[in-house]
Amino acid sequence: MSHDINHHILSVLVQNRPGVLARVAGLFARRGFNIFSLAVAPAEDEGFSRITIVVDVESTSLEQIVKQLFKLIEVVKISELDPRRSVERELLLATVRTTGDQRAQIVELTNIFEGKILAVGVEAITVSLDGHPEKLDDFEELLAGYGIVELQRTGRVALPKLDREARLRAVSSKSNQGKAG
Amino acid sequence: MKITGAQALIRSLEMEHVETIFGLPGGCILPAYDPLLDSSIRHILVRHEQGAGHMAEGYAHVTGRPGVALVTSGPAATNMVTPLMDAYMDSIPMVCITGQVPTAAIGTDAFQECDTVGITRSCTKHNELVMSAQDIPMAVRQAFHIATTGRPGPTLIDIPKDCLTNTMDWYWPTDEEVIESLPGYRPNTKGHPRMIKEAAKLIMASERPILYVGGGVLKARAAEAVRELAELTNIHVVTTLMARGAFPDDHPLCLGMPGMHGNATAITVMQKSDLLINLGARFDDRITGKVSAFAPEAKIIHVDIDPAEQGKVRKPDVPIVGDAKQVIEEIIKAIKEMLGTGVVQADTGAWRSRISGWREQFPLSYEPSEPGEALKPQFCLEQLRDLSPEGTILVSGVGQHQMWSSQYWKFNEPYTWVNSGGLGTMGFSVPAAIGAKVGRPDRTVWAIDGDGCFQMTAQELVTAAVERIPIKVAILNNSYLGMVRQWQEMFYDERYSEVYLSPEVPNFVMWAEAMGCVGIRVDSPEEVQPAIDKANSIDDRPVVIDFRVDAREKVFPMVPAGFGNDDMLLPEWQEANRGGLK
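Protein sequences appear in the order of chains A and B. Heads up, the final residue of the first sequence is numbered 181 in our numbering, and it's a clean run with no missing numbers. Heads up, the final residue of the second sequence is numbered 1582 in our numbering, and it's a clean run with no missing numbers.
Because the hints were derived from the structure by calculation, they are not lab data. We treat Cβ as the ideally placed atom computed from N, Cα and C, and that holds for glycine. Mixed in with the good hints, there may be bad ones.
Computed cross-link-like contacts, SDA-like style, restricted to lysine to any residue with a CA-CA straight-line distance of at most 20 Å [said to hold, decoys possible]:
#1 67/A x 1149/B
#2 67/A x 1316/B
#3 1002/B x 1131/B
#4 1315/B x 135/A
#5 1312/B x 30/A
Coverage of chain B stretches by chain A, computed from C-beta distances (three or more under 8 Å per stretch; other residues unrestricted) [claimed, not checked]:
#6 1302-1309
#7 1324-1335
Next up, chain A with everything else stripped away, as it sits in the complex (with noise of 0.2 Å):
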């Protein structure tokens, strides 16, 4: 599901000013562009952000969605990533429906998959994993089982991976500005 042929991930700068995420959103909605998932926070730079959008290019190029992206006058920079090539993570969150004895079982499957407990009640309990998206996949899928109540995913945001040489290169220039300082 998370990792459909058809799905690409682009990493969107943009300036941070009133309406950019509406800019985005109604660019996609007018020229019938399909978004899969979509975040949006803060970028490292004071005044930018960075949205991290999960595409589904069945029926447009997605050549056409970055030009028609790059139009927006806020977008400053689009990445595309290369799933293969980057790292992706994602938050869940979900309250499961639970008796007595089912409780065990939940726990022991979130502390499997690493996730955590947030909240106990008498009937349902609430927990939380991040990770892969793919991961996420799994563990909802082994949830649905119990009944889940509520749930909801943040959407993934990706960075480029670094291969070993700019992992150096990142270093060196974090050591150098060090220096600087």
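Got chain A; can you put chain B on it based on the hints?
Below, chain B without anything else, positioned relative to chain A:
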């Protein structure tokens, strides 16, 4: 120096060399109208905000400078939606300034409040809600910069009332500050050198090339460059509806307009070509017909300043993103270099003789009326064309009259044709003609309108009369929504549904007179010339001629919607020779 936001707004417009504003005041924009009294800027008071928008467009069309519209909040802003979308579709530089309710009232459903930036987001190139008086000069500079650079388009600044009344420290941002404030906006104007070389090679090797010239050529002021390229390579030119006049109709290489109602030769050359050199056009569906059947043998060179147009409809073999003028000049240079090193252009002789054969066999034509029969709209246009001074600017509405105007006029100069191409806005012509006349007061400006279109925006003739803007309007009045009638006749078994307008109401002559214009009615062919001569001689007020024309007349050729260009319908008397279009 402390001044009010309103003063800063008007001063900013002066700094942007604005000479004319088209607008209408109201509650939230009121503060801006006070300093306007002390400004050198001419304000033209319209009767409906949509008129202000189309006037700004007409002005921009003929001058190349951005048109400016100034209106209030709420209903005024929503009335601007149509002209904004129209300008967006046709890439017209335009800046619209709207008033907004005070910042503290935003979101409370205050009187005359609407979400202007939300509503206009998808019909502007960019828009901005200003939240402080201090930000006004930068917002104005950004709006003009964005509207006029790259692929031009409309921009909108929404200014809450308190931002106009509050004071600010006057400053005027530098070019660098403007550019720095828009890190995501860097339009590319220079074509890729390798692609330009590739284009030159394809042009030199093509045996059936065609220059497919679109509105981008006019935006880039590249008409001269196109002419040089055409003459250097001896390649024929088709000019799209948005590009009429970009290449002179009286030039031997000019084939006129292609597309749904193009002439048979212009349509056919694209279909049979082995190389379409697209300069600033966008493979619009009215040009291509069914895309899969469009120009099946042609390789494509596509020059467009908007990267998103590359490959949107037809995948180019050589995409070149850049300013049409710069790119064409570079291509000419590359071709000259090739010629200089002894490369010989492929022989296009056979192609050119096929083209002349088509032109001879399939000219645009209509059946002239016999004495006593109804007036033909094409005849009125031919008479207008022949009796009006050189350099006359023609502004049309949307429908049959628009297509006949484009077909039968001779556009020998750029910026003499103004129309609503992409959006197809009925009612465009009267206000756009007013804007065009304001921009070019030295020219005769004829609005060609239908009786349906005219009734949508005719009230702006009051503006024209009061402001002494002497435009001339020719209504080709067939008492029908003519284009819709044509489709119902041809594709709905002559079942005419809601297309008949009254032939007697309104009385266009009385209406024109009531609006301070001269009104003339023409029923028969012999009245045409005297009426036009009279209209052309009047220069102190607008003139409206009500030409009563034959409602049965249809626009031909026609490529029916959804069909390929090879399936074009010819006028009856040419159908028999159809085989000649091989």
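Hints, one by one, checked against the model:
no.: 1; hint: 67/A x 1149/B; result: 17 Å, holds
no.: 2; hint: 67/A x 1316/B; result: 15 Å, holds
no.: 3; hint: 1002/B x 1131/B; result: 18 Å, holds
no.: 4; hint: 1315/B x 135/A; result: 39 Å, violated
no.: 5; hint: 1312/B x 30/A; result: 15 Å, holds
no.: 6; hint: 1302-1309; result: holds (count 3)
no.: 7; hint: 1324-1335; result: violated (count 0)
The structure does not agree with the numbered hints 4, 7 stated previously, though it agrees with the rest.
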